[in-house]
Amino acid sequence: MYLQLDAIGKTYHTRGATVEALRAIDLQVERGQFVAVRGPSGCGKSTLLLIAGGLLSPTRGRVRIGGTDPYALAPNQRSRFRAKHVGFVFQQCHLVPYLSVMDNVLSPALVGNGGAAAERAVELVKRFHIEHRAGHLPSELSSGERQRAALARAMLNSPSLVLADEPTGNLDDENRDNVIGFLRDIAAKGAAVLLVTHDVQAASMADRVVQFPGTP
Amino acid sequence: MRITRLALREIRHRHISFLLGLVSVAVATACWVGAEVLLKSDALQTVKVMSVRQQMVEQAIDQKRQVVEQSGKALQDEIRKQMLQLGFNVLIVPQQQDLSRLHLDGVLTETMPESYVDKLANSQIVTVNHLLPSVTGRVALEHAGSNLDVLLQGTRGEVPIMHRDLKKPLLEAVPAGTVVVGYDVHTTLGLHEEDTLHIGDREFRVSKLHPQRGSSDDVTVWIDLGEAQQLLGLANVIHAILALECECAGDRISQIREEISKILPGTKVIERYSQAVARAEARQKAKQTAEQALELERENGALVLVQEKQLRDDLQQRHANLARVVVPLALVCGMIWVAALAYGNVRDRRAEIGVLRAIGVSTNQVLMLFLSRAVAMGMLGGLLGAVLGVLVGIILSDTGVSGGGAWHVLGIGTVRVVIGLALVLAPAMAAVASWIPAVQGSRCDPADVLQTG
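Here the protein sequences come in this chain order: A and B.
The first sequence begins at 6 in this note's numbering and counts up by one.
The second sequence begins at 118 in this note's numbering and counts up by one.
In case anyone wonders, no lab produced these hints; they're calculated from the structure.
Don't be surprised by glycine CBs; every beta carbon is placed ideally from N, CA and C.
Be aware that a few hints might be false.
[What the hints assert, rightly or not] The following residues of chain B were derived to be distant from chain A, with all beta-carbon distances above 10 Å:
{"hint": "1", "residue": "L123"}
{"hint": "2", "residue": "H130"}
{"hint": "3", "residue": "A456"}
{"hint": "4", "residue": "N481"}
[Said to hold, decoys possible] Here are a few chain A residues that face chain B, going by a calculated C-beta distance under 8 Å:
{"hint": "5", "residue": "M6"}
{"hint": "6", "residue": "A88"}
{"hint": "7", "residue": "F93"}
{"hint": "8", "residue": "P113"}
[Claimed, not checked] Listed next, the stretches of chain A that the computed footprint assigns to chain B, with coverage defined by at least 3 CB atoms under 8 Å from CB atoms of chain B:
{"hint": "9", "region": "56-67"}
{"hint": "10", "region": "179-189"}
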C-alpha cells in the first residue's frame, strides 16, 4: 500500500470541550488507485485528508506514505517530503492571488529545482487546457479554470500521492466531470489519488468509495 | 520560481501597503539624516563664524595698534618739542666741581678737556642724546649807558653722536661774531637785533633776542665756544657737557651715570630740571597707557570670541537636544508603523502561507519572504529618506552657501557616509520591526489555515 492509515483518531480540545473528529479510521490506497471518501459535511473528511498529507498530526494511529511516517520527520524534512511526494487540491483552490496562472503552477518549484519545472509547467497548463490563461491572475479565471490551475500546481513535482478536498464543490457538472477525469488520469499514470467529497456523482467515478459514518 | 520573484510580485500586488511602509521608513531616516547633517553643518558654521570673528578682532586690534603707534609717535614728538622747550636736563661736569658754586653763583669753576665731548660722541652711548659742550663765566656788560652782570655761555653747537641717526639739533650753533641775548639782558641794556655789543675787547652783532624764560637763561648771553674760551682764558677746555636724557625706563639717572662713568672717568652727572624728568616720566606713562589700551583691546577681542563661541555652542547644544528627542521618536514611530503594516500583511496572507506550507515551502523560506519585503522597504525608504534628509538638513543649516556650494561645505564624503549608513541601518531597522510578524507568519499552521478557509 502506498498510503496507509491505521486506526487514525483525531481529538480536538477547544474551550474546555473535547471533540472527537475521527475515530479508528483505517484506509489504504495503492499507487494507480483512485479512492473516494464520501461523507456528510463535518464528518471529518477534510481532517482525514490533512492527516494523510502530513499537515495535521493524528491524535492516535499511524500514517505511512510509501512506507515513511511523515510525522516521524522533523518539520522541515516533512515539508520537503510533502513537496516531493504529495500534491494537494482544495475546494477553494487557494491560488496565490498576485501570481499569474503560470507562476502559481510553478510555485512548488520554490522547493524543488527550477530548471525542469518550467518545462513541466508548460506541459501541465497544456494538459489541463489553460495555456491561453497562463499569464492571467486567478481573479480573471472562471471557477473551472481556477480548479484546473490548482490541479496543474499539484502535479508540478509529479507527486506519487494526490489528495483532493472537495475539488468539485464549486463547479458545474461539466467542469466537475473534467476535474474528476483529470484525477482519474493522474491515477492511471501511477499516482495514488484520494478524493474526499460529499458529491455522489463525483465519488461514483472513483475506483473505490469509502463511506464515512453518517453517510446517506 | 524564486522567493525574490514571489516577494516582488507580492509588493506589486500590495503596493499601497508597501508604499506606506516605505514612506514611514523614509520619514524616520530623513529625520535622522537631517539631524546629522544639521549638527555637522552647525559645527562647520561655528568654525566659519569663529574664523570671521577672529579676523574681525585681529583687524580691530591691528587698527588699535596703528592708532596707538600713531598716538605714540605724536606723543613722542610732542614730548620732544616740550623737552626742546625745556632744554637739556643732564649736565656732565668734572668730578671735583663744587656744585654749591653752581647753585650760588650760576657758574662752574672746574674744567675738563674739550676732547671729552668728541670721546662721548664717538662712543656707543645710549642713555643720552644731544651733546652740547659749553664754557660759562660771569662778565660785566655795558651798553648805551647801562651796565649789567651776565652769564656768558660759549657753545659750539651740538656734537652729533656718531652711532646714531642724525637728529634735528635742539640748539643751533651761535656763529662766530654774533651773540644771542637773554630776556633781562636785552631789556635792561636796550638791545635790539643787529645792534653791536661789546664783550671785553671784542664786538658782537646781536643775532637773536630770547623771550622771557623765567630762568637763568634770561641773564645769559650766548656766543661761539672758541670766542668764549678766548674771552674767559679757557683754551681747549670746557666746563660742562649738556645732554638730554633718552627715553629710559627704570632708574634713569643711575643708568646714565653708570654708562658715562665708563666712558668719561673723572666726571659726574647732574640732573637739572625736574620738569624735564616729569615730562619724561609722563612720556613713559603715556606709552604704558597706550600699551594698556592695546592690551585691553586684545582682552576685549578674546572676550568677544569666547562669547561668540559660547553662543554657537549653545545653538549646537539646542539642536543636539532636539535631535536627541525627535530622531529616536521618529525611528520608534517608524518601526511601530512598519511592524503594524507587517502584521496586516501576515494576516492578509494567511491562506497563501497555508498553501505554500502545504506544498512544501519551509518556515525559513516563508520567513525570508516577509523579511525580504521588509529589507526592500528599508532600502528604498532609507535611500529616499537619506536624500531628503541631506536636502532638508542643508536647507535648515544656513551654511551661508547654496546649491553645489552647500555640498562642498558638508563634504561629499560626509554625504556618502550618511547615505551609506542609512542604506544599512534603515533595512536593518525595518527587518527588526518586521521580525515578530514574520516569525508568526512563518509558523502559521497550514492545517489550521486550510481548515478555516
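Outcome of the hint check:
1. With a least CB separation of 7 Å from chain A, L123/B falls inside the 10 Å interface cut-off, contrary to its annotation.
2. The Cβ of H130/B sits about 3 Å from the closest Cβ of chain A, inside the 10 Å cut-off, so the non-interface label is violated.
3. Every CB of chain A lies more than 10 Å from the CB of A456/B, the least distance being 22 Å, so the non-interface label holds.
4. The Cβ of N481/B does not lie farther than 10 Å from every Cβ of chain A; its closest approach is about 7 Å, which violates its non-interface assignment.
5. With 8 Å as the threshold, the beta carbon of M6/A stays out of range of chain B, its nearest partner Cβ sitting at about 23 Å, so the hint is violated.
6. This hint holds: A88/A has a C-beta 2 Å from the nearest C-beta of chain B, less than the 8 Å allowed.
7. With its C-beta approaching chain B no nearer than about 5 Å, F93/A sits inside the 8 Å limit, and its interface hint holds.
8. Of the supplied interface hints, the one on P113/A holds, with its beta-carbon coming within about 5 Å of a beta-carbon of chain B, less than 8 Å.
9. With a threshold of 8 Å between beta carbons, the proposed coverage of the region 56-67 of chain A by chain B holds, since 3 of its residues qualify and at least three are required.
10. Under the rule that three or more residues need a Cβ within less than 8 Å of chain B, the assignment of the region 179-189 of chain A is violated, with 0 such residues.
Checked against the numbered hints given earlier, this structure breaks hints 1, 2, 4, 5, 10; the rest are met.
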